[in-house]
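Here's the letter readout for the chains.
Protein chains: 2
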Amino acid sequence: MHRKSSFMFTTRKGGDMNNSVFEPIEHKIMAPAKIFVTGMESSHYHWHYDYELVVLLKGKLQVLCGPSPMLMEAGDIFLVNSKMVHGYRGVQDNLCLFIQFPTTIFERIAGKEQLLYFYLNSVRKQFPPKGGFERLRKAACKAGLTIYGEEPEAYLVQNASFYELMAELAASVQFDIRRYPGYADSPAEGQLVAEIGAYIDANCDQKNLTECISRHFGISEKSLYRYAKSFLGISPKEMIDTARVEKAKALLRLSRKPITMIGGECGFTNEATFYRVFKKETGITPKEYRNGGGIGPVEKVVQGYLNFDKREAETLMHSYAEC
Amino acid sequence: MHRKSSFMFTTRKGGDMNNSVFEPIEHKIMAPAKIFVTGMESSHYHWHYDYELVVLLKGKLQVLCGPSPMLMEAGDIFLVNSKMVHGYRGVQDNLCLFIQFPTTIFERIAGKEQLLYFYLNSVRKQFPPKGGFERLRKAACKAGLTIYGEEPEAYLVQNASFYELMAELAASVQFDIRRYPGYADSPAEGQLVAEIGAYIDANCDQKNLTECISRHFGISEKSLYRYAKSFLGISPKEMIDTARVEKAKALLRLSRKPITMIGGECGFTNEATFYRVFKKETGITPKEYRNGGGIGPVEKVVQGYLNFDKREAETLMHSYAEC
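Taken in sequence, the protein lines are chains D and A.
Just so you know, the first sequence maps onto residues 1 to 323 in our numbering.
Just so you know, the second sequence maps onto residues 1 to 323 in our numbering.
Treat the hints as calculated values from the structure; they're not laboratory data.
One thing to keep in mind: the hints can contain errors.
Identical copies carry no separate label here, and so any pair may be met within one copy or between two of them.
To be verified - Under the rule of at most 25 Å between Cα atoms (straight-line distance), these lysine-lysine pairs were calculated in the BS3-like manner: (1) Lys142 / Lys112; (2) Lys112 / Lys280; (3) Lys237 / Lys60; (4) Lys142 / Lys130; (5) Lys58 / Lys310; (6) Lys112 / Lys279; (7) Lys34 / Lys112; (8) Lys207 / Lys280; (9) Lys287 / Lys60; (10) Lys279 / Lys207; (11) Lys279 / Lys229; (12) Lys130 / Lys229; (13) Lys222 / Lys130.
The whole structure should be built from the sequences, with the hints applied where relevant.
Now the structure itself:
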């Protein structure tokens, strides 16, 4: 998970590649869930053992998880299953509610060495929950609101609403029961794709990157294409473009380097390509982005933005929790 | 905790005395509470690390916990704090809802090595919770009702209502924060009294029992009196009488021995004393008890009684949960 207030490329470089795609989520015994609200600019491709429930409170968010990319709009709800590789791109000023929780919560239903694979996706609407998506969004927003509780017992209120959400999930959302190999010996199905994503992030300034990937991971370009498409719904070329634009955004925000230099440093073959791809991905030009036109502009503005979010997020969750 | 369907004296004999007064309560990680309903005839004096919340759904129940015995009536709610020695005597056909939960639940409020000591006692009414006893009884009965859920996700519904109860407890019931010495090195304050209770149970047929206790535990009869009074609210003589009557009840239920023999076997000096004390404790004579007049009569009846309870308990909890 990548929050707006930290920076993708500064945190990535020099890091252990495996660590950067597998995100460990810590739980306190008495609070099995991690609940938070954030504006999302973009995330790495990553996976974790926990489920991740996302409610988009505002704006638009592209979700890369599975064979076709998905555009969430305000009010949409989506569940990322355990060990599924996924990535986010905020295509519009947005606010997301995230609720992450371990698979052990459903152990009694799934049985040993198995887990529940949920079908919860209000964008595709293929398997609507009994009672509709609204009930789940409501339960999720009720749980989300508890993060603002300031009483000493706020964590108990949070646990109560969290378990209500879990009960609603298990009772109304369709699921399969799948075999779940032990933690230690089995990386996620999408681990390779996540590693490729991390490799791209770290090497996006290189020319002929597709060839490099193919050589580095010992797979054909055809297989590479198939993996990327089936797990993220995009081609390796699109993965590379996104990584380059993200790097450019970070440099535009953090450095004073001339824009003409940044394109080359990020691996774009010429300035025209840089402008074209950047505009396609962000909707604005690099110059407009540097001048604060992006959704995650310079650090100070980000800080102010996040402070403002809190009240806005509360208001939005209130309206969903009560409707 | 002693349930009606098992037998005090048969399970006690030959057991380790320390184990019999300290009752370990097991928790599954995802279900931090143990919730059950039972009819209560009588219990040993015992203690445990967990809190124990009791709601009397029906009948009357004498609670021995603290310096004066207490008579709970239908609708009363009482919380036994961690490590407090306590005992129950069902003085009338009753149904009790028990909710046991570990002190770790309030760790974040209490801080390390400390615990919350709650004042929740609707019999004495000394420190009424904000919002009244009804709200807590309601929350407890809502949690109690979840034990009858048969859906696969019933345990999640239970966790939700349990944490709601915990939040209500922490928010509305008055408490002190007390120092809590480590588990291993510190037995409960009332451990000695509980051990004395177990000694009495195992030796109640002996004459001059008060003297025996005094010698066995190396304390004066005066100290013995003071301990019993301050932890259970009754004198050692009353503890002995109760133990003898309980043993007599078990023999009346389980054996075909003549009633005249049973009194002597239980340590009563003569038949007149046996009848007088038995009638005082139970309200009926030994003969009436053997003929099924007690609240915990012969095994078969007990079974039928418990089956009947379930529906009755559900109805009673419903009425409290909704009012």
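Violated constraints from the hint list, given by number and in increasing order: 1, 2, 6, 12 and 13
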